[in-house]
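K.L.:
Top to bottom, those sequences are chains A and B. So the first sequence is numbered by this note's numbering: it starts at 6 and just counts up by one. So the second sequence is numbered by this note's numbering: it starts at 329 and just counts up by one.
No lab work stands behind these hints: they were computed from the structure. From a predicted model like this one, the values you see are computed outputs, not experimental measurements. There may be inaccurate statements among the hints.
Here are the simulated SDA-like pairs of lysine to any residue, each with C-alpha atoms no more than 20 Å apart in a straight line [as the list claims (entries may be wrong)]:
(1) A:Lys68 x A:Tyr101
(2) B:Lys526 x A:Gln71
(3) B:Lys399 x A:Gln71
(4) A:Lys76 x B:Lys463
(5) B:Lys463 x A:His107
(6) B:Lys399 x A:Ala103
(7) A:Lys76 x A:Ser113
(8) B:Lys389 x A:Ile90
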Amino acid sequence: MSGSEVLERSKNAIYRITLAGSALALGTLLLGLIIYVFIDQEADSLFTEIYRGGETHLLSILKGQQSIGLKIASIGVFILLATPIIVTMYSAIAYYMAKDTHGSILASLILIAILIVLLLV
Amino acid sequence: MDAIILVGAGFIGGLLGSITGLGGSAIMNPIIVATLGLPIRVLIGSGIIATVATSITSTSKYIREGLTNVKIGFTIALTAMLGSIIGVKTNLLIDPRIIFIIFGVVLISAPIVGFIRERRASRTQATAGKNISSKNIYLASILMVSAGFISGLLGIGAGAFNVLIMEYILLLPLRMATATSTFIIGLTGVTGGILYIKEGLVDPRIIMFTIPGIILGSLTGSRIMVRLRGRTLRYIFTALIWVLGIQMIMKGLY
Chain A
6 MSGSEVLERS KNAIYRITLA GSALALGTLL LGLIIYVFID QEADSLFTEI YRGGETHLLS
66 ILKGQQSIGL KIASIGVFIL LATPIIVTMY SAIAYYMAKD THGSILASLI LIAILIVLLL
126 V
Chain B
329 MDAIILVGAG FIGGLLGSIT GLGGSAIMNP IIVATLGLPI RVLIGSGIIA TVATSITSTS
389 KYIREGLTNV KIGFTIALTA MLGSIIGVKT NLLIDPRIIF IIFGVVLISA PIVGFIRERR
449 ASRTQATAGK NISSKNIYLA SILMVSAGFI SGLLGIGAGA FNVLIMEYIL LLPLRMATAT
509 STFIIGLTGV TGGILYIKEG LVDPRIIMFT IPGIILGSLT GSRIMVRLRG RTLRYIFTAL
569 IWVLGIQMIM KGLY
């Protein structure tokens with residue numbers, strides 16, 4: 006398969022990844038919203054006990070005693086953030102397969118930058 | 329009641345944002361500040377996640393239509409991400425009142441940027457991303473630091489600024505510049521979003537209530553845009569945004 010064919014195929018794959026990512030993330034957020042409003046019934050007191058410090062840390066929400074709806078919504082946020090990262094990873098591999106060194110290096114640099122932000126900044 | 333206000337603010341943000349090219353968070357945040365009085369930094373942190381949501385939703389459509397130039401996107405996204413990091417760090421250092429003032433100034437200036445772009449549109453010759461000189465790539469990359477900075481500082485996509493840079497320096501056609509800008513917003517949003525999450529400034533409550541509103545508002549706005557023949561309605565929307573901008577500046581000053 007030629008390099009241009011690989012890149013053409015990668016476009017279709019990126020389309021599917023972004024579509025699946027957005028559908029999954031938005032679906033998870035919507036599910037979280039429905040559970041939060043109708044099952045947990047916490048929508049009435051939305052911001053009465055908020056911002057006392059540490060309460061909005063997404064990881065502590067996942068581990069803590071907060072409502073199930075809020076936990077599901079937090080997972081939705083992580084899926085949202087993961088989607089562009091997966092697209093970049095896929096692009097780096099696709100450019101490498103297509104022997105497009107410039108594109109591969111660029112996508113890898115983006116990933117390294119995200120990794121630095123995640124771990125060091 | 330808070331939930332209804334959040335969904336409504338998201339809807340208005342999505343509606344006005346898609347018509348004026350500002351994006352949902354830029355308009356939604358001032359409305360929530362005025363109505364619910366939530367801390368601006370939490371709204372900015374949550375708003376930047378909303379920009380990622382709108383970015384990946386639109387990117388899938390643009391990539392299918394072959395409008396996104398992924399390689400150019402990666403090239404200039406790197407410096408935009410650097411700008412976003414600086415923007416978030418600046419946000420955490422400065423007084424919230426200064427954030428209000430900068431937010432107001434950006435709200436007032438962004439529609440002006442749009443009008444300038446439209447007036448000059450016929451004068452430039454688009455190249456569809458081919459034969460771009462390395463000098464222009466360097467210049468665009470440097471300018472993208474400022475677009476990323478605005479995005480990180482205020483939790484908005486800063487699409488109006490991205491498109492301006494790509495259209496005039498990289499000479500991309502408007503639709504390709506818009507699509508590539510949307511792709512870049514996702515990457516700068518991830519960078520800023522991770523940093524705001526680390527600081528505990530992202531609230532899933534705000535995100536889950538505003539995102540459905542933003543998406544509905546954007547869809548309605550894009551339909552209105554198709555039918556919008558005259559500029560009158562657009563001027564009215566711009567005036568509304570300026571009112572929000574002035575309100576933010578006043579909040580910062582007094």
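K.L.:
If a hint holds in the structure, say so; if it doesn't, say that too.
P.N.:
Going through the hints against the structure:
With a CA separation close to 39 Å, the supplied pair A:Lys68 and A:Tyr101 exceeds the 20 Å bound. With a C-alpha separation of about 19 Å, the suggested pair B:Lys526 and A:Gln71 falls inside the 20 Å cut-off, and the hint holds. For the given pair, B:Lys399 sits about 42 Å from A:Gln71 by alpha-carbon distance, which is inconsistent with the 20 Å threshold. About 48 Å separates the Cα atoms of A:Lys76 and B:Lys463, which puts this hinted pair outside 20 Å; it is violated.
A distance of roughly 17 Å separates the Cα atoms of B:Lys463 and A:His107; the hinted pair therefore holds under the 20 Å criterion. Taking the CA atoms of B:Lys399 and A:Ala103, the gap is about 13 Å. The hint holds against a cut of 20 Å. For the hint linking A:Lys76 to A:Ser113, the alpha-carbon distance of about 32 Å lies beyond 20 Å, and the restraint is violated. For the hint pairing B:Lys389 with A:Ile90, the CA-to-CA distance comes to about 18 Å; that is within 20 Å, so the pair holds.
When each numbered hint is compared with the structure, violations occur for hints 1, 3, 4, 7.
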